[in-house]
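On the provided structure of chain A, position chain B as indicated by the hints.
Chain by chain, the residues:
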Amino acid sequence: MPWDRNQMAARAAEELEDGMYVNLGIGIPTLVANYVGDKDITLQSENGMLGMGPFPLEGEEDADLINAGKQTITELRRTSYFDSATSFGMIRGGKIAAAILGAMEVAENGDLANWMIPGKLVKGMGGAMDLVAGVGRVIVVMDHTNKHGESKLLKDCTLPLTGKGVVDRIITNLGVLDVVEGGLKIVETAEGVTEEELRAATEATLV
Amino acid sequence: MTKIYDTASSALDGVLRDGMLIAAGGFGLCGIPELLLQAIKDAGTKDLTFASNNAGVDDFGIGILLQTKQVKKMISSYVGENAEFMRQYLSGELELEFNPQGTLAERMRAGGCGIPGFYTKTGVGTVIAEGKEHKEFPTGPDGAEETYILERGIFADLSIVKAWKADPSGNLVFRKTARNFNPPAAMCGKVCVAEVEEIVPLGTLDPDAIHLPGIYVHRIVQGAHEKRIEQRTTRAA
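As given, the protein sequences belong to chains A and B, one line each in that order. Number 136 in my numbering belongs to position 136 of the first sequence; there are no gaps in the numbering. Going from the second sequence to my numbering is simple: count from 1 and add 1000.
Here chain A stands alone, though its shape is the one from the complex (with noise of 0.2 Å):
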């Protein structure tokens, strides 16, 4: 069986190391939070904070206290607060150690798409080019292939990039793999999948 969103957000989890900051991204990668366990991890929410809280209970909403996602949160008593110069410097300069985002693309050559279809809506970047080009480790969070079964992880990725080579290591429904010289390397398969199911699925040249 494929893993399934959480199964693949616990997944990333094991990526974390105790002491680590870390910056998550939108969709799956902000479950990963809910799997760190004993692990002593600060969150980074690019908007200007680090040791991000979990939602309010409601009634404790803050309208000043929200996440990069733009949805209410709170603050832990390790929590400090920046403005957004400060926060991408930290990005920008290599504090951050780690960044789990999503992706529509990963290039075998550690490529990265995931923020505009072209003739579709654009919406913007955001801070994602700033994230890949500045974090020590950039981890994708992905479904292996689109809905009609084609593979995400391709040879040139086909959509505007958001970073170029910065790509560490994907973990998607069917393993986990990393960007090596060559091509993709599988580390591991999720339970009951095959290599060959993870081959077959997986336009990108395998190393």
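Hint data in this document are derived by calculation from the structure and do not stem from the laboratory. A hint or two may mislead.
Straight-line Cα separation of at most 30 Å, DSBU-like style, residue types lysine-lysine; simulated pairs [unchecked claim]:
| hint | chain 1 | residue 1 | chain 2 | residue 2 |
| --- | --- | --- | --- | --- |
| 1 | B | K1135 | A | K164 |
| 2 | A | K95 | B | K1135 |
| 3 | B | K1073 | A | K164 |
| 4 | B | K1190 | B | K1227 |
| 5 | B | K1190 | B | K1132 |
| 6 | B | K1190 | B | K1165 |
| 7 | A | K95 | A | K185 |
| 8 | B | K1003 | A | K123 |
| 9 | A | K164 | B | K1227 |
| 10 | B | K1227 | B | K1165 |
| 11 | A | K123 | B | K1073 |
| 12 | A | K120 | A | K155 |
Frame of chain A; chain B shown alone:
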């Protein structure tokens, strides 16, 4: 000389002109200068360019100036929450310059610090880099060359920002994530007008805890804020 004005409209008196570049603080609807945006709408100033991370929603924030067609161009990182924005953009009525969010913040900060340009890795190899100067620096492992692009500082005609508290000298304190783009936006304008929830007496704010020194802030107005929440999310008790 006082920096305190009675209303948002009077705080903007004499500084608005058609075609100007305005840097605005805020992220989504959090920490936006909602009173000053309303006052610009009332003033009817036209052909405005806004450097602002977002464009508000249809009936709040910069969105209210889109309704009245007072905006010519947006410099933003994300505009996904605004149907009228999309309509005007797709019909060619509105220009849009996408900036990566951190690049936009740094362009404002740089402009405010007298820095006309800076090199960044953000956007290298993407559409953002097209037409920009590329330069190698030996910043990689063991001094390996890495590619950077030149981005320009933003020098705005006017800054409009929202803070939590001000003192009469213009020292500002922000609250939680409502700080966001407000300090860099405030720094990059020739004139900065700040709207605040409370003006407190001199000596009330701890000098060690000022987020933005009053040198950047020329005019202050106190007012009641709606502070609308865009995505109300809660957890079960």
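Hints, verified against the model:
Note on B:K1135 and A:K164: the hinted pairing holds, with a Cα-Cα distance of about 16 Å set against a maximum of 30 Å. This hinted pair checks out: A:K95 and B:K1135 have alpha carbons roughly 23 Å apart, not beyond 30 Å. Between B:K1073 and A:K164 the alpha-carbon distance is near 29 Å, which keeps this suggested pair within the 30 Å criterion. Using a Cα cut-off of 30 Å, the hinted pair B:K1190 and B:K1227 holds, with the two alpha carbons roughly 27 Å apart.
With a C-alpha separation of about 26 Å, the suggested pairing of B:K1190 with B:K1132 holds against the 30 Å cut-off. The suggested pairing of B:K1190 with B:K1165 holds, with an alpha-carbon distance near 22 Å, which does not exceed 30 Å. Between A:K95 and A:K185, the direct Cα distance comes to roughly 27 Å. Compliance with the 30 Å bound is thereby established for this hinted pair. Between B:K1003 and A:K123, the direct Cα distance comes to roughly 38 Å. Violation of the 30 Å bound is thereby established for this hinted pair.
Our distance criterion of 30 Å between C-alpha atoms is broken by A:K164 and B:K1227, whose separation comes to about 39 Å. Between B:K1227 and B:K1165, the direct Cα distance comes to roughly 15 Å. Compliance with the 30 Å bound is thereby established for this hinted pair. Taking the CA atoms of A:K123 and B:K1073, the gap is about 15 Å. The hint holds against a cut of 30 Å. Restraint check for A:K120 and A:K155: the C-alpha separation of about 23 Å stays at or below 30 Å, so the hint holds.
In terms of the numbered hints stated before, the structure departs from hints 8, 9, listed from lowest to highest.
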